[in-house]
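Visitor: Protein sequences appear in the order of chains A and B. Using our numbering, you'd call the opening residue of the first sequence number 21 and step up by one each time. Using our numbering, you'd call the opening residue of the second sequence number -13 and step up by one each time.
No wet-lab data here; the hints were simulated from the structure. No residue lacks a Cβ here, since even glycine has one placed at the ideal position from N, Cα and C. Mixed in with the good hints, there may be bad ones.
[Unchecked claim] Facing chain A, a subset of chain B residues (Cβ under 10 Å, in silico):
1. L36
2. T40
3. A41
4. G42
5. S52
6. P56
7. R58
8. R59
9. G60
10. G62
11. R87
12. W90
13. A132
14. F135
15. L141
16. I200
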Amino acid sequence: MSDSDVGKRSGAVCPFLLILPALAFLLIFYFYPLALLIPQSFVDKGVSLRQFARLAADELAVETLLRTVETSVIVTALTLAIGYPVAYLIAQVRARTAMILMAVIVMSFWISILVRTYSWMVLLQRFGLVNQTLMALGVLNQPIRLMYNQVAVSVGMVHILLPFVILPIYASLKAIDSNLVAAAVTLGATPTQTFLRVTLPLSLNGVAAGVLLVFVQGLGFYVTPMLLGGPQTLMVSSLIDRQMFSYLDWQYGSAISLVLLFCTVVFMLAFDRFFGLETLHRRTA
Amino acid sequence: MLKLNKISKRYGDVWAVRDVSLELARGEMLVLLGPSGSGKTTILKTLAGLEIPTAGEIWVEGVELSGVPPHRRGLGMVFQNYALFPHMRVKDNIAFPLKMRRSWSKGEIAAMVEDILRIVQLEGYGERYPTQLSGGQQQRVALARALVFKPPLVLMDEPLGALDKKLRSAMQLEIKRIQTQLRLTMVYVTHDQEEALTLADRIAVMNLGRIEQIDRPESLYEHPRNPFVADFIGESNLLAANLLGRTDSKCLVELAGGVRISYVAPEGWLAGGGLVFVVRPEKVVIGTALPVDTRRLEGHIENVIYLGETVKYLVTVGPELRIAVKEQITGAKGILAVGTAVQIGWHDDHCRLLPRGTAEVAPRAEP
C-alpha cells in the first residue's frame, strides 16, 4: 500500500474509530441502564400508565418537580449574572493575568463537589462563619437559620456551576474580532452602546451554551440540595433516590426519572431550535 | 484641515512613531506608505483615537483632538478585515453610525443608507448579511458605513489587503472615484506602492516610525531623497559608490569592483565614500551595439526574466557589479540570450547620487 493510500483511508475512517471507545462506554454504562428505566416505568402487569397517573396525582412529586425547575431557573439566572462579568474581565485583561484567573476558575473543578458543599455547611451553619461575623458586627443578636432552605441550596449550586457559564462565555467573547469593537467606537458608539449592540449580541452563543449547561445540570443536581437543603427544599433527584432506595419502589422512581428526562430533552430541543439557528449563521462569519 | 504636529508613540522602549508632522488640505488624499512596522497604522490609530500618542498634537478643522474620546471624534475609519458586524444586515451595518448619533429620524436614516448604497453600487443588497457577500462587496459596505455620516476625514487601514490583485485594482479605481466624487479628505495606509501611486495626491513614505519623504507620486518616483525611498517606490539599482573627484560640471564615481563612471557633478557637497548611485532598471538601455554617446558600461547577461510585457536582464559588469535592466517587449527587437555580451547606458538625468542616509542599503543582486 502506498503512502497516499494510508493517508486517504485514515482520513475517512479514523474519526469514527476514534470515538468508538467513548461510544462503547456510553452505550454500556449510560444508554443501557437508561433503556432499563423505560420498561420499568411502563410495565405493571402488562403495559400501563399507572405510575404516571400516580405521579400526576401525587402533590409532593409535582411540587418537587416544579421546585426543581424553579431552583434551576434561579441558579441559571444567578450564575449568568455573576459569571458574565467575570468572563468579560478575563477576556479583557492581558494574556498572563487571564491565564492566572482562568487557572483559579478551572482549579475549582479539582475539588470534589462534596467537599465544596461541606465547606458551605461550615460557613452557613448555626454557629458558622457567616452568623458569627454578623453577630460580631452587631447586625444580629442571635444566629439566624441560613441552611436547609432554597437560598442555601441556590448559593451552593451557583458556586459549583459557575465555571460552566464562565468558560463558554469567555470563549465566545475571545472569538469576537477586536476590530469590531474598535469599529463601533470610531463609528460613534459610546462604550455602553458598543457593549449592548456589538459585544453582547456576539457573545450570546456563549451565553446560550452556559445557560444550557447550568440549567440541565441544575435539573438533576443531587448532592448539594441534599446537604444544604431541608425537607421543604426537596429536589426531584432526591425524590427519585427516596422512591428507589428508601421505599424500594423502583417503578415509581423510574417513572419520575423519565418525566425529568422528558423535561430536560424538551428544554434542550426548544433551546436548540431557538439558539441553534442564531449560532448557525454566525459560525460562517 | 488636518495637521499633525510632532506626533510620537512609544511602546515600552520602542518608538513606533517618532516626530511625525504633516498637513492635509480639504479634499486631499494622503497615502501613508511603508513596510510593516514602519508606524503607518499607528499614526492612523492615533488619528482615530484608538491609540493615545506619547507626545504631539492632532488638529482636525481647528480642533485639537488629544482629550477627545474616539467615539466623539466623528472620523470615518475602514479596517483591513472590513470589521463588519456579522449579526447585522448590510443596511443595519451602514445605519449603525447614524443611529449612534440620534440626530435623524428612521425615515431619514433609511434614505441616507439608500443614498450611500447607490454611491458604492450596492443597491438591493441592504437585506443581506455580510457573510453572504463577496470580499469586494464587503469592502464596499465597510466604505459605505464609514462615509454615510459624512465625516470630515476618512481613515483607511489597508482596506484592500485581503482582496486578490484584479479586484484590488478595480476597488482602487472605485475608491478614487468615490473620493473625487464626494471630495473626501482621506488618509490611506498601504504597503503596496502601486496602490499608493494609483490613489494618492501625495504619498508619505514611512520607515522606522519616521516620514522619509512626503511628496507627489511623480516627484517621489523621479526624485527620491534617499536610497530607502528610491528602493521602496518602484525598483532601483542601488549601487554602492565612492566619489573619486569632481570638476565644476563632471565627477568621477567608482562603483563596486573598481568600475568607474562619469556623472554630472552633484549639487552641494557630498562626502567621498559611502554613497549610493541610483538608477532605475527601466531607465537603463541595453544592446549589443549602442551608439557611442549613450554607451556607459560593458558586461554579460547573467539572467533573463520574462515578465510578459517586459523582460528583465541581470547584467554582470565585472565580478562584483550587477545591474538590473528592464525593457519593454515590442517585437521589433528580440529577447537577448543569457551570456550575450552587451553594452548598457543611461542618461544622467535619470540617475541620482545619494548619501546612504538612514536606511540600510543592500545592493540588490537578485532581480
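Visitor: For each hint, tell me whether it holds in the structure or not.
Guide: We went through each hint and held it up to the structure:
Interface restraint check for B/L36: the shortest CB-CB distance to chain A comes to about 5 Å, inside 10 Å, so the restraint holds. Of the supplied interface hints, the one on B/T40 is violated, with its beta-carbon coming no nearer than about 20 Å to a beta-carbon of chain A, more than 10 Å. At its closest, the beta carbon of B/A41 sits 23 Å from a beta carbon of chain A; the interface hint therefore is violated under the 10 Å criterion. Interface restraint check for B/G42: the shortest CB-CB distance to chain A comes to about 20 Å, outside 10 Å, so the restraint is violated.
Nearest Cβ of chain A to the Cβ of B/S52: about 17 Å, over the 10 Å cut. The hint is violated. Hint status for B/P56: holds, given a least beta-carbon distance of 5 Å to chain A, under 10 Å. Because the smallest distance between the Cβ of B/R58 and any Cβ of chain A comes to about 8 Å, under 10 Å, the interface hint for this residue holds. Because the beta carbon of B/R59 sits about 7 Å from the nearest beta carbon in chain A, less than 10 Å, this interface hint is met.
Because the closest C-beta pair between B/G60 and chain A is about 7 Å apart, less than 10 Å, the hint holds. For the restraint placing B/G62 at the interface with chain A, the shortest Cβ-Cβ distance is roughly 7 Å, inside the 10 Å limit, so the hint holds. Because the beta carbon of B/R87 sits about 6 Å from the nearest beta carbon in chain A, less than 10 Å, this interface hint is met. Hint status for B/W90: violated, given a least beta-carbon distance of 12 Å to chain A, over 10 Å.
Taking 10 Å as the C-beta cut-off, the interface hint given for B/A132 holds, the closest approach to chain A being about 8 Å. Against a cut-off of 10 Å between C-beta atoms, the interface hint on B/F135 holds, since the closest Cβ of chain A lies about 7 Å away. About 8 Å separates the beta-carbon of B/L141 from the nearest beta-carbon of chain A, less than 10 Å, and the hint is met. The criterion of a C-beta within 10 Å of any C-beta in chain A is not met by B/I200, whose closest approach is roughly 25 Å, and the hint is violated.
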